[in-house]
Amino acid sequence: MELPTELEHLKITVPQTPDINAPDQAVSTTRQPIIQVTDLDVHYGSTRALKSVSVEIPERQATAFIGPSGCGKTTLLRCLNRMNDLIDTVSITGSVKIHGREIYSASTDVIDLRRRVGMIFQKWNPFPKSIYENVAYGLRIAGVHNRYRLDEVVEKSLKRAALWDEVKDNLHKSASDLSGGQQQRLCIARALAVEPEVLLMDEPCSALDPISTAKIEELIHELKESFTIVIVTHNMQQAARVSDHTAFFYLGELVEFGVTSKIFTAPERRQTEDYITGRFG
Amino acid sequence: MKTAEKSIARRKSLDALFAIIGLLAMLVGLVTLLALLMDLALDGAGRLSWQFFTSYPSRFASQAGILSAWVGTTLVMLVTALTAVPLGVAAGVYLEEYAPKNWLTALIEINIANLAGVPSIVYGLMALGLFVYQFRLGQSILTAGLTLALLILPIVIVATRESIRAVPGSIREAAYALGATKWQTVKDHVLPYSTGGILTGVIIALSRAIGETAPLITIGALTFIAFLPNPPITSAFPFLSFEWLISPFTVMPIQMFNWVSRPQREFHLNAAAAGLVLMAMTLAMNGLAIYIRYRFRKRIKW
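Those protein sequence lines, which keep their order, are chains A and B.
Numbering that gives the first Met the number 0 applies: residue 0 is where the first sequence begins, and numbers increase by one.
Numbering that gives the first Met the number 0 applies: residue 0 is where the second sequence begins, and numbers increase by one.
No wet-lab data here; the hints were simulated from the structure.
What you are looking at is a predicted structure, and each value in this text was computed from that prediction instead of being measured.
Check before you lean on any hint, since a few could be wrong.
[As the list claims (entries may be wrong)] Computed list of lysine-lysine pairs in BS3-like fashion (alpha-carbon distance at most 30 Å, straight line):
{"no.": "1", "chain 1": "A", "residue 1": "K158", "chain 2": "B", "residue 2": "K300"}
{"no.": "2", "chain 1": "A", "residue 1": "K122", "chain 2": "B", "residue 2": "K186"}
{"no.": "3", "chain 1": "B", "residue 1": "K300", "chain 2": "A", "residue 2": "K172"}
{"no.": "4", "chain 1": "B", "residue 1": "K181", "chain 2": "A", "residue 2": "K128"}
{"no.": "5", "chain 1": "A", "residue 1": "K155", "chain 2": "B", "residue 2": "K181"}
{"no.": "6", "chain 1": "A", "residue 1": "K122", "chain 2": "B", "residue 2": "K100"}
{"no.": "7", "chain 1": "B", "residue 1": "K297", "chain 2": "A", "residue 2": "K167"}
{"no.": "8", "chain 1": "A", "residue 1": "K214", "chain 2": "B", "residue 2": "K300"}
{"no.": "9", "chain 1": "B", "residue 1": "K186", "chain 2": "A", "residue 2": "K155"}
{"no.": "10", "chain 1": "A", "residue 1": "K172", "chain 2": "B", "residue 2": "K297"}
{"no.": "11", "chain 1": "A", "residue 1": "K122", "chain 2": "B", "residue 2": "K297"}
{"no.": "12", "chain 1": "B", "residue 1": "K297", "chain 2": "A", "residue 2": "K128"}
{"no.": "13", "chain 1": "A", "residue 1": "K122", "chain 2": "B", "residue 2": "K181"}
{"no.": "14", "chain 1": "A", "residue 1": "K167", "chain 2": "B", "residue 2": "K186"}
{"no.": "15", "chain 1": "B", "residue 1": "K181", "chain 2": "A", "residue 2": "K96"}
{"no.": "16", "chain 1": "B", "residue 1": "K186", "chain 2": "A", "residue 2": "K172"}
{"no.": "17", "chain 1": "B", "residue 1": "K300", "chain 2": "A", "residue 2": "K167"}
{"no.": "18", "chain 1": "A", "residue 1": "K128", "chain 2": "A", "residue 2": "K223"}
{"no.": "19", "chain 1": "A", "residue 1": "K50", "chain 2": "B", "residue 2": "K100"}
{"no.": "20", "chain 1": "B", "residue 1": "K181", "chain 2": "A", "residue 2": "K172"}
{"no.": "21", "chain 1": "B", "residue 1": "K181", "chain 2": "B", "residue 2": "K1"}
[Claimed, not checked] If you anchor each label on the Cβ, the simulated ranges turn out as follows:
{"no.": "22", "chain 1": "A", "residue 1": "H171", "chain 2": "B", "residue 2": "L86", "range": "32 to 38 Å"}
{"no.": "23", "chain 1": "A", "residue 1": "V89", "chain 2": "B", "residue 2": "I203", "range": "34 to 40 Å"}
{"no.": "24", "chain 1": "B", "residue 1": "F134", "chain 2": "A", "residue 2": "V89", "range": "43 to 49 Å"}
{"no.": "25", "chain 1": "B", "residue 1": "I19", "chain 2": "A", "residue 2": "G179", "range": "46 to 52 Å"}
{"no.": "26", "chain 1": "A", "residue 1": "E165", "chain 2": "B", "residue 2": "R10", "range": "56 to 62 Å"}
{"no.": "27", "chain 1": "A", "residue 1": "G277", "chain 2": "B", "residue 2": "R164", "range": "40 to 46 Å"}
[What the hints assert, rightly or not] Derived coverage of chain B by chain A (criterion: at least 3 residues anywhere in the stretch with Cβ under 8 Å from a Cβ of chain A; other residues may be distant):
{"no.": "28", "stretch": "161-170"}
{"no.": "29", "stretch": "173-180"}
{"no.": "30", "stretch": "183-193"}
A virtual CB, placed ideally from N, CA and C, is assigned to each residue, including glycine.
Can you build the whole structure from these sequences, using the hints too?
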């Protein structure tokens, strides 16, 4: 497929062969998929944002969605916890199964689904409350009021999000006094507190400086031991660094899906190669 | 060269001319208001005394006071606030957070905005028909409070909607993504973060209601009340009494109207003094609104 020439000037410099020092390059694809997306179609009004996308996301690994802006990767991500339901004009057809259970069936409890599938947003969005209250909120709305239990979960979640040491003496200070990177890690801690199975991350580092980005990437490496992570990113080096599998989207279609090292070194499709080598996008 | 300089000079003098015109325009408003206030203060200040606040109206100007008027105003405002705030806030939350966005809600929105502009005497006519004749609530504090509540309801709804619209969508998404229901999101986030704006709107609305005269005269407020409503707290069980709700009443602007319409100058002085008190009440409410807005804005950072 030919590239639109007007996109030629948008070249970015990415190493021709990304350096992936992955000893476990042979990521097992035999692992049971936790999320199965089949023929998913999404329309916003009359705009078709996703065109019959099918993809299987393996459990306790990190899967990256890459592609140019408007390619549908965020739309797909927000279908996985039904955040798209909040948009009035959206219409969704197809099937998304988590642990084999259809999440778009009438019997699905969206509240329970969103508790099991946590989400981190592009722009950190802590509540204008204390650090403690931010992390405890997910438990409070689920009806946990035991003080000791809350204390315990807040500490555990902040430790998991690698924020505990920085905030342990100021748990009751306002979350908005933290730096951007800290606020984003607080949002991760808040999502982890309800023990989700899946963590959706929508460009979690795009507004962060390189040091904060490195911290969050390190965190993703640790978190994928216990959680399934799906991350949307514009940064291809980031996809290469943190993910086990990568899905490349273009104009609402899933172009290629596979083991990250393979996508970045030997993509099967020409479009994928053009995008990751920076020939467009 | 010469012409360029001339042109600049001409444009500069035009600039200065507009500055003067603008200043004059502003002074017209300001000076009128000040003159009004000064006139009121010069006339009325002499009548402001303890006796003035604790006396009923009287045939003798020097013995007359505003006791029944300020008590009436306070009680009517209480009913108005207790009715308009829950109704208005709930309606605003529903329209903004729950109602689907379609032509019907768009129509409702336009009509609410229009309701805010309906002349207050029309509300008075409606209240006379509905509350006084239909529901037989009498020419009472309850009727007056409900009438003024209807009058300010659109203002409260609009203020509520505007302040909850100022809560970023990302905060709602954060709550939903944790598994919060719509009501939990509203109760824990949307309402607490917009309280400042809502309270400000409510107080502005009440300070409009406090000066309303026409609808209350329409429903038959008395102008001469020489007794107080039954106190809301009683010494005998159950300690609370709601008899004051059906009591006849007068309010500050009606008391003023009564005094102004008399021929004797002494009564006009009383009216001026009551006007000063009413203005002080309104200014205090607006001041409170500014303070609340400042406090809440400072506490919440996104």
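- Task: Would you check the hint for B/K186 and A/K172, treating anything up to 30 Å between C-alpha atoms as holding?
- Result: It holds: about 22 Å lies between the C-alpha atoms, which stays within 30 Å.
- Apply the coverage criterion to the stretch 183-193 of chain B and chain A: a residue qualifies when its Cβ sits closer than 8 Å to a Cβ of the chain, and three qualifying residues are needed. holds (count 4)
- Could you grab the alpha-carbon distance between B/K297 and A/K167 and see if it respects the 30 Å cut-off? holds (25 Å)
- Outcome for the supplied range 34 to 40 Å, where the beta carbon pair is A/V89 and B/I203: The hint (34 to 40 Å, Cβ to Cβ) holds, given that A/V89 and B/I203 are roughly 38 Å apart.
- Query: How does the coverage statement for the stretch 161-170 of chain B fare against chain A, requiring three or more residues with Cβ below 8 Å from a Cβ of that chain?
  - Reply: Answer holds; 3 residues pass the 8 Å Cβ test.
- Message: Just to be sure I understand the hint, the distance between the Cβ atoms of B/I19 and A/G179 should be within 46 to 52 Å; is that true here?
- Response: holds (49 Å)
- Hint consistency between A/K122 and B/K297 [alpha-carbon to alpha-carbon, up to 30 Å]: Distance ~22 Å between A/K122 and B/K297 Cα, so the pair holds.
- Task: Quickly compare the C-alpha distance for A/K214 and B/K300 to 30 Å and report which way the hint goes.
- Result: Holds: A/K214 and B/K300 sit about 25 Å apart, inside 30 Å.
- Assess, step by step, whether the Cα of A/K172 is no farther than 30 Å from the Cα of B/K297, and give holds or violated. holds (15 Å)
- Query: Is the straight-line distance between the alpha-carbon of B/K300 and that of A/K167 30 Å or less?
  - Reply: With Cα atoms ~22 Å apart, B/K300 and A/K167 stay inside 30 Å; holds.
- Message: Next pair to validate is B/K181 with A/K96; report whether the Cα-Cα distance is within 30 Å.
- Response: holds (24 Å)
- Taking only the CA atoms, is the gap from A/K128 to A/K223 under or equal to 30 Å? holds (29 Å)
This entry does not satisfy hint 21, going by the numbered hints stated previously; all others are met.
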